[in-house]
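**Q** Sequence:
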Amino acid sequence: MGVKTKTYTISAGVTRCHYGTPHDYTRAVLQCTGRIRVAGPVTQRRRLGRIDADSFNRQLNNIDWSPVFRTQLTASKWESFCDIFLGQLDTVAPVTRVQQRPPGSLLVSAPTRDLMARRRQALRPGGDRENYKELNRLCRAAVRKDQQAHINRELAKAGPSKVWRVLRPIIGSKKEAAVPSATPDALNDYYVSIGPITAASVPPPTVPVPVRLPRVTTSRFRPQPIDMDTLGLLLLHMKPSTSTGNDGISVSMFRTFFWGMGHVLLDIVNSSLTTSNVPGPWKHAMVTPIPKGQGPSEPANTRPISILPAIMKVVERVVQRQLVQYLEANQLLSTTQHGYRSGRSTETALSVITDRALEAMDAGEVSILVLLDLSKCFDVVPHGRLLDKLALYGVDTEWFGNYLSGHTQQVQMASGDGGYVRSSVKSNTIGVFQGGS
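Residue numbers for the sequence shown follow full-length UniProt numbering, beginning at 1 and rising by one.
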């Protein structure tokens, strides 16, 4: 090993091997300049974990929310809410540049960090070598214990359905995902064009397709306002996502500070339901491109993940639950539908198919199974046809029509300095948002 200048050499010397062999070894202590550890990416976010939730909830409960209640327009209510809430949030957790933990770095506890500091002290000139060896053994055992505890916590939090989401980063993958090289505008143009191009390639039916309902009903459905308990229970069952839309507010904030501003949030949600109005900012998605896997970094090899404002997710969940209750109570869903229904899944569908195949075998019959996979089905949902079908089921489509109109989106990519590079805004006139976080 060669050293260009002596200023990098702190000490050097030749030492006889301590294990009794006739060897000498050269030992040098060098001063390394520059960064020797890969730094994590820099992002801009709020340090919400440092907020005293009880104190901030009292602060929110005591401020003046009258600008929200005074106006009748849902969009104006939400604009006033954002101004007041984010202004109060800036006083306890302003947006700062934060260096994220680099990939593969160890997550250790405070006692383990104290052990590491003592180990570094023992390694310095004049330190006790035997003490260092003992501290090194204790540090390695403590790190393994901390990592095991962290993995167990993440597995318990994720649940059985998301085990691989926790284990995949630990196990690793042989595939190296390519970073999209296309510009945000090119990616956004591609994502917006998928629906119209796919829909245009599908030939229209040669004969009219009859519409058959499972049963005829005289009931009607229209989204209804909810109470405080219902909203609190709904937020409790939602995933505490920290992802924020273009307004900088997350579902996790709603859950954590619900005691201080839940009554204001309830007024905004009910305003949208009673007036059948969904403000334009709620229908604007921030799209993040995720590489699908190994291959050229082209738009077709990325998956768009749409991040909607948290308030839109809450209102969607309210309407979805009410609509499902209406369809189930009036038996308007086919008994053969197993997807997107409580108590039914691919497992129940497989069980039904297996039973029918076995019954056919007992009767000496032959079973034929036809499997269809619809490509880009969520990208080509025609809004007009969806509203017509909802009307057949007795659903008042005023709120749904407003919800489906005026969808916009833009692609955002990390710029490396903690900010984002964003594309221009594009309208999306077909399909529904998918892959939301």
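Please note: incorrect hints may appear among the correct ones.
To be verified - Below, computed lysine-lysine pairings styled on DSS-like, alpha-carbon distance capped at 27 Å: (1) Lys-292 <-> Lys-157; (2) Lys-133 <-> Lys-292; (3) Lys-426 <-> Lys-376.
To be verified - Label-pair restraints from in silico Cβ distances: (4) Lys-145 <-> Thr-354: 17 to 27 Å; (5) Arg-220 <-> Ser-241: 15 to 25 Å; (6) Ile-151 <-> Arg-118: 43 to 53 Å; (7) Ser-201 <-> Glu-298: 40 to 50 Å; (8) Pro-203 <-> Ile-151: 36 to 46 Å; (9) Leu-123 <-> Glu-347: 25 to 35 Å; (10) Lys-239 <-> Leu-374: 24 to 34 Å; (11) Lys-145 <-> Thr-71: 51 to 61 Å; (12) Thr-354 <-> Val-425: 43 to 53 Å.
Calculated directly from the structure, the hints in this document are not laboratory data. Virtual Cβ for every residue (Gly too), placed ideally from N, Cα, C.
**Q** Hint by hint, say whether it matches the structure.
**A** Going through the hints against the structure:
For the hint pairing Lys-292 with Lys-157, the CA-to-CA distance comes to about 26 Å; that is within 27 Å, so the pair holds. At roughly 45 Å between alpha-carbon atoms, Lys-133 and Lys-292 are farther apart than 27 Å, so this suggested pair is violated. Distance hint between Lys-426 and Lys-376 is fulfilled; the C-alpha atoms sit about 19 Å from each other, no more than 27 Å. A hinted range of 17 to 27 Å for the beta carbons of Lys-145 and Thr-354 is inconsistent with their spacing of about 45 Å.
Evaluation of the 15 to 25 Å hint for Arg-220 and Ser-241 yields a failure: the beta carbon distance comes to about 34 Å. Distance hint check: the CB atoms of Ile-151 and Arg-118 are about 26 Å apart, inconsistent with the given range 43 to 53 Å. Between Ser-201 and Glu-298 the beta carbon distance is about 20 Å. The supplied range of 40 to 50 Å is therefore violated. For the hinted restraint 36 to 46 Å between Pro-203 and Ile-151, the CB-CB distance of approximately 51 Å leaves it violated.
At about 56 Å, the CB distance of Leu-123 to Glu-347 disagrees with the hint of 25 to 35 Å. Separated by about 26 Å at the C-beta atoms, Lys-239 and Leu-374 satisfy the suggested range of 24 to 34 Å. Against the hinted window of 51 to 61 Å, the Cβ-Cβ separation of Lys-145 and Thr-71 comes to about 55 Å, which satisfies the hint. Here the CB-CB span from Thr-354 to Val-425 is close to 49 Å, well matched to the stated 43 to 53 Å.
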